[in-house]
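> As a plain string of letters, each chain reads:
2 protein chains.
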Amino acid sequence: MSPHSNSGLDIAPWKQIAELVASGDAEGLQAVCIEQGPREVARALGRLSEEDQQFLLTHLDEAIISQLFEEMADVQAAGLVVHMEPAEAATIIEEMGSSAAADLLGELDEARAEQIIAAMEPEAARHARLLTQYDDHVAGGLMVTEYLSYPASLTVNQVVEDMRSQKEKYKGYDVQYAYVLDEELRLAGVLVLRDLLLEPSGRHLSGIMRANPVHVIDQDSLEELEAFFESHSYLAVPVTNVEGKMLGVVTRRAVQEAAGDRADDMYLKSQGIMGGEELRSMPLLVRSYRRLSWLSINIVLNMIAASVIAFYEETLSAVIALAVFIPIISDMSGCSGNQAVAVTMRELTLGLIKPVDLFYVWSKEVTLGIINGIALGLLVALLAWVWKGNPYLGIVAGGALAMNTVIAVSIGGLIPLALKRMKMDPALAAGPILTTVTDMCGFFLVLSLASAMLPYLT
Amino acid sequence: MSPHSNSGLDIAPWKQIAELVASGDAEGLQAVCIEQGPREVARALGRLSEEDQQFLLTHLDEAIISQLFEEMADVQAAGLVVHMEPAEAATIIEEMGSSAAADLLGELDEARAEQIIAAMEPEAARHARLLTQYDDHVAGGLMVTEYLSYPASLTVNQVVEDMRSQKEKYKGYDVQYAYVLDEELRLAGVLVLRDLLLEPSGRHLSGIMRANPVHVIDQDSLEELEAFFESHSYLAVPVTNVEGKMLGVVTRRAVQEAAGDRADDMYLKSQGIMGGEELRSMPLLVRSYRRLSWLSINIVLNMIAASVIAFYEETLSAVIALAVFIPIISDMSGCSGNQAVAVTMRELTLGLIKPVDLFYVWSKEVTLGIINGIALGLLVALLAWVWKGNPYLGIVAGGALAMNTVIAVSIGGLIPLALKRMKMDPALAAGPILTTVTDMCGFFLVLSLASAMLPYLT
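Those protein sequence lines, which keep their order, are chains A and B. Going by this note's numbering, the first sequence opens with residue 1, and the numbers climb by one from there. Going by this note's numbering, the second sequence opens with residue 1, and the numbers climb by one from there.
The set of hints was computed from the structure by calculation and includes no laboratory data. Each residue gets a CB set at the ideal place from its N, CA and C atoms; glycine is no exception. Mixed in with the good hints there might be a few duds.
[To be verified] Covered by chain B, per the in silico footprint, the following chain A stretches (three or more residues, Cβ under 8 Å):
{"hint": "1", "segment": "113-121"}
{"hint": "2", "segment": "177-190"}
[Stated by the list, open to error] Every beta carbon over 10 Å from chain B, so not counted as near; a handful from chain A, in silico:
{"hint": "3", "residue": "S98"}
{"hint": "4", "residue": "L295"}
{"hint": "5", "residue": "T349"}
{"hint": "6", "residue": "W385"}
{"hint": "7", "residue": "M422"}
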């Protein structure tokens, strides 16, 4: 698996693809895209003009495009689909796995998705309608509709026959189990495929299936699914509605993928990228608008926090050196608080704490905050004393930082729990709330301490 | 999969476990731990005293503890293992999957890990030594050593016989494929288990195996493995050394799990949690030290940045209102820069950009920075003008923020690429570098602009 030698040419693969598009070499394109794989084609697509993207997509086999769409980020694939004819998009999406197809359709606006679904084959359309109605992070949104199911009355031999004759169709299935359904299509049992190997061919499925199988409900959450796969060693679990009717299968893999997506999402949101992903291949104004909608909330919160400083203009003009310590206290408190936020988010994900555990978290943070506050405060105090030769300036700056560190870790540790209890997204809101509160407290502490000790500072 | 009814008691499961430990009810403990599953037991363990943890662990079946260790965070499991006798730890770790066992051993210090490995059965010890020698994020570190392999001369029937007779042993294997080895234990072919069902029982493996199978090398990186599974639809791939000797199997699942861990890790590091995870059940001084080691670097960088302000004390005391805008400019530039960092990190993960794409990223960021800079700058300028009735104050504060926004997104977009080229960890270092540079530039811009326009400001 060492990198391709690129037939001696030392040119980036995306440039190679771009040049083939520019020269209109359709055959060469197809070959290079297969050779380079979906990652490089996705990279190239992000750098092509809209017109060139269209040329590339119309000159690749539908099977290659559907594989490409499965592998690339949904948001990028959706950006390409919007420029396609619904019928063309439908042909490509039909070839994708049911779950990947639903994820992609979910990125489109509803009217566009419905146009495409309407152009799909009836069965694929039915599956797409079923899957797109669910949230991304419940069992229904994570399941696939490709699974094997048989009535209980069949024999081992009949099942093996079916598998043999439909070999081609089942090739793309992630087959570990087959499901046995009753007359009302309710889940009655699970067949482990290995058992088919080991059981006499005349036996009925009802005799070898595992009856009353574990299953999940379509509205079960990602956290419930993670707990399920932690305590069960299965590779997949059937999904039913509340009446027990079989709807699909959620694989362990899909749950792990979704958990990985959640972590990516948490990172992006914590850094101020909200409303899904941003890729630099998106239109400039869309990117600018999305980032600004986050920044504009932040700047208002920032102004509120900074207004505390305005109240102390007199103190500040008397001790102008304080202006140097104000951004230090603001930044350092933010850092300390963000560490506490991150640990809480992580422990929530691992299931080690729950939103009710406010006191446990607070008691663990406040002790740590005292230690770290004293350490950081002493450092700043020393710096202030050495710089201006006035120990009282050190007491003011260091004391404010020490106290504000305790406040910052307490708030940082608790905010995600409080937001979770209020059904808000902690990854998105914790940062701005934390910064605003710790800035206000920090500015207030340093400036009010300075006001109180003004005679010693001037 | 609705929550357990807890036999009518409305008490948190971890409290129930803690109470059983306190009352010394070993039988009740075993039953409750099985009922509640690994997540709740892990949660309870984090809240027990060291002594009570020992009581719990010595009164649970080894099989349950090994399952618990597989499911809980490695760092938490390692914290429990250090208090066990090596022989006891060895018995538990032997029962874990080879890859999970190696991950756990990797969290311990080397001497402790070696003591435990020395106490393990020879075969398990050999596997543990093989797997722990690899980095977590290369194929060798992600592979398992539980796989089926057969010489090419066997028949279908002999393989089925072996599978039947060793049913118990193979139960825990994640079996999709079996591997055919030559006399030197080099990988010669792959058997798809479904083929065993469909082929005559007398055929030799050499006739039905897929020869010259794709494989990866033990030192291939996580990114290479991701690319592999993107362009191949297999569930697992064999791992060989450079000479072709079969070493283990990497599953798609292990690669996806590792990618999820990388995302978690990126989030934690970006928020200032470095050196692996922190759980609140760890000793206070360890947690404090780990967080301080990050904060102490930050505070030094902060002081360097703030020293810019000290050079302009005269300007600042002449226009004390500037002190209100300094933290706003610092915070907002940090926010804008972090957004650019997050998008670059995401595009790197998706393979859409590579460390050489500096110009592409910069060109995309600078245009966006101009738009967002003007928007945010105008807002701040307006505020300053309205507040102090002086349009020049608005020009200084807004102008500085606008210019610094362009600088922040440019630096934020490029830093992760530069760090990656220097083989440094962008998730860890991007934040502090960004904040320091944008703070320095921001302070310099607003204060030097103010100095230049001083006559209009006073």
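> Please name the hints from earlier in the document that this structure breaks, with their numbers sorted from lowest to highest.
1, 2, 4 and 5
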